[in-house]
Each structure stands twice: as C-alpha cells, then as structure tokens.
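Colleague: First to last, the sequence lines map onto chains V, R, B and G.
Reading the first sequence from the start, the letters are residues 35 to 144 in this note's numbering.
Reading the second sequence from the start, the letters are residues 35 to 144 in this note's numbering.
Reading the third sequence from the start, the letters are residues 35 to 144 in this note's numbering.
Reading the fourth sequence from the start, the letters are residues 35 to 144 in this note's numbering.
Because the hints were derived from the structure by calculation, they are not lab data.
Bear in mind the structure is a predicted one, so any value in this text is a computation, not a measurement.
Be aware that a few hints might be false.
Since the list gives no way to pick one copy over another, a pair counts as held whenever it fits inside one copy or between any two copies.
When the alpha-carbon atoms are kept at most 20 Å apart in a straight line, the in silico EDC-like pairs for lysine to aspartate or glutamate are as follows [unchecked claim]: (1) Lys-128 x Asp-143; (2) Lys-79 x Asp-94; (3) Lys-89 x Asp-111; (4) Lys-133 x Asp-143; (5) Lys-124 x Asp-143.
Protein chains: 4
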Amino acid sequence: MNDDIVRQVLNFRQSRNWEQFHNPKDLAISLSIEASELLENFQWKTSEEALDLKKENIADELADVLIYSIYLADALDLNIEDVVLNKLAKNERKYPVDKAFGRKDKYTDL
Amino acid sequence: MNDDIVRQVLNFRQSRNWEQFHNPKDLAISLSIEASELLENFQWKTSEEALDLKKENIADELADVLIYSIYLADALDLNIEDVVLNKLAKNERKYPVDKAFGRKDKYTDL
Amino acid sequence: MNDDIVRQVLNFRQSRNWEQFHNPKDLAISLSIEASELLENFQWKTSEEALDLKKENIADELADVLIYSIYLADALDLNIEDVVLNKLAKNERKYPVDKAFGRKDKYTDL
Amino acid sequence: MNDDIVRQVLNFRQSRNWEQFHNPKDLAISLSIEASELLENFQWKTSEEALDLKKENIADELADVLIYSIYLADALDLNIEDVVLNKLAKNERKYPVDKAFGRKDKYTDL
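Chain V extracted, bound-state conformation (with noise of 0.2 Å):
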C-alpha cells in the first residue's frame, strides 16, 4: 500500500483518539466481518448479477478490509508491501510454475 494511503488511514483514526478502541484480536474480528459483509453482496446472486447490482457495495466494503488490513499491520509492526511480497515468494516455491501451470490442485497434490 502506498505509503500515503497508509498515513490517510492512521490519520483519519488518530484525529478521532480512535487507537484507544483497537487491540489485535478485535481488528482480526472486525477484518473478518467486513470480509463476510463483502461476501453477503453475492448471496443467492451470480457474480454477474451482484457485479450488476451491487458494485458501489462491494467497493466500499473492500475498503473497509483493506483499511482493517493497514490497521492490523500496522499493530504487527509490519509493513503492507512486504507482507505480500514475503507470502509472493512462499507461494513462488509451493507452486513452481513447470507443476502448477493450469492445475488448481492444493501444493501437496503437485
């Protein structure tokens, strides 16, 4: 995440003396329940119905993983950009591309 983006966010709840409220356990809680309010835009909808329907939704709750996401990094002490890439190269190794090329199998199945 651009680092700008990452101090919009941290600001925007630091002007509220919002940290108070935050602890680890509860912004993993919070992140998986805007994940499931993300999911309940496609509930008994295909993808294009929902996409049709309900995209504004969807976009605003993506935003709100990813601003519970810059939180929970930042209670790690960890930086967005390198988290992906160090979970980027697991994979890299799990799924060498000359085994998993087309395949949807699970690592321990290649």
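Once you've looked at the hints, dock chains R, B and G against the given chain V.
Modeller: Quick look at chains R, B and G alone, frame taken from chain V:
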C-alpha cells in the same frame, strides 16, 4: 497498493494460467475464508499471546487477504487506492472529528 | 436440539475439563471459524462438485457448527429450540405468506 | 434437532415457495454470514458487555445459524442428530479423556 506489488500479484497468477478459475463470487468467498484463517490465530488467546506465538502465521494470512483483495479489485476494474480514498471520504462525512472524537458510537448515534 | 444430544455434547466437554477455556466471545469466534471451514468445501466448486467430492467433510464441519451452537446457547442460558421458535415467530411477522410467496426480497421491500 | 422443530423450519420455507432459491453453496455462504453477524455483537466488547447489551440479538443470530444448518442438512439429506453424534464419536477418538483432560492442545500435540 503500490502499482508494482499489484503487477507482481497479477503476474504470479497469469504465469500459472490461473485466471480461468477466478470469478468474483469465488474471490469474495476466498477473501472471507482467509480473513477467518487469520482470526483463527487469536482463538482462545489474548492479543498478546497470539502476537507472541503466531505472528508469522498472522502475517501470512494477512498477505492472503491482501492478495485476494488485489484479485477482487482487478475483477471489479477498480484501483485499490481509489477504493480506499473514496471510503475515507465517506467516513469523514459520517464521523466528523468534532462529533466522533474519542467515541466508538456508530455514526447513527452521534 | 434433542435434550440427549445437548447433554452428550456438554458431557464431552465436562469429562475433559474444558469449560475453563470457553467464554462467549471465543465461542462466537469459533462458530464463525467453523462456518468458514464448511464454506471452504465449496470454494472454486459448484454445489454439485462439492457434494460429490466433499460431503463427509461438509457434514463434519456442520457438526462443529452445531456443537459450538450448543456451547453458546449453554453460555447464554438459552434453550436451542426456544431460540429457533422465537426467531421463526419473528420471521412469520416480517414475511407474511401472502406478501412473501415466491419472492426473495428483503422484508423492507415487501 | 427435535423432528418437530426441523419440520417447522422446512414448512416455513415451503409455504413461502422459497426452496427454489436455496442451493447448497449459497446455503453455506448464508451460514457463514449469519455466524459473522453473531460475532459482530462481540466486536470491541468483552463477553460480559456483549451479553449485557446484546443478548437478544445474539439469540436471534444464533437462531439464524441453526435455521441455515437445518436447510443445509436437508440439502445434504442428513439427519442433524446423526451428524453431531458421528462427529462426537470422531472427537472421542482424537481426544481420549486420559490424554486430553484439562489440556487445550490440538490432538496432534497430545
């Protein structure tokens, strides 16, 4: 999210020919599942115990949440940073500093 | 839930001296985690594929959801069957048959 | 679940002609969403605060979890009580009392 990170995540998928398996509804399901796996690190533990024992795993699951967020934004043809900025603007209006300072009430109760 | 089933589930926990670890918030977290593990069986699959390949696992996760529901009801000092009957009564009022027949609209749109 | 409760839940759906909208994958999604709505009552709160302020809402969401569990069991052609009993039997073998008494370790660590 830094454009380079987004590109690396999308390239990872493309070089393995995996886009064929991705559709918005299943991406939303996946995002929810990863958020739940992140939360599982805090099950039966305090925030402190979880950060002490499970920090690497929490970071990995946070990465998975962010990676699926990138795929979803791509599926919706949205830019991650615009998505966050739009929501911050909405939140600014719902939670003006003078009313929301130090209060965890929902905006309907401000 | 049949009283005998409830009693067996509570006895299972008691004979292992596990009540000490249970508190309502972590029980709610656990219920959410198990529901997510159940959903994971449908990830990237159609309903038919999931039932074909993963029926036993779905049944096991459904059992975990029900077991945690029993622990939560116990923590709230509620009877499982009263809980369901009360909600059915509320749903009857929100979705009268003459208005709701064949319609999947939310009650606010009836 | 008492046969009568199951029948009342299935009748509620049938009299509104709603089975047409239910398929196992969307039922699994719905179950996950309801579990998350239940968990939301504990967000930013201790167990005590949540039970103090939100007990009725928690009971309603627990009912929704149980109702969707009944629909899922029906979709899988399974009996709710058999599902729970089978899992309890598996858990008995994974967590024998003499090894698991008073310990919250996962069975692989017993």
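Colleague: Each hint: holds or not?
Modeller: Results of checking the hints against the structure:
In this assembly of identical chains, the alpha carbons of Lys-128 and Asp-143 lie at most 20 Å apart only when taken from the same copy (11 Å versus 25 Å across copies). In this homomeric assembly, Lys-79 and Asp-94 come within 20 Å of each other (Cα to Cα) only inside a single copy, at 18 Å, whereas the closest approach across copies is 24 Å. With identical chains, the CA atoms of Lys-89 and Asp-111 are at most 20 Å apart between copies only, with a shortest distance of 10 Å across copies and 33 Å within one. For the homomeric pair Lys-133 and Asp-143, the shortest alpha-carbon distance inside one copy (10 Å) is at most 20 Å, but the shortest distance between copies (33 Å) is not.
Taking the shortest Cα distances, Lys-124 and Asp-143 sit within 20 Å of each other inside one copy (17 Å), while across copies they are farther apart (26 Å).
Of the hints listed earlier, there is not a single one the structure fails to meet.
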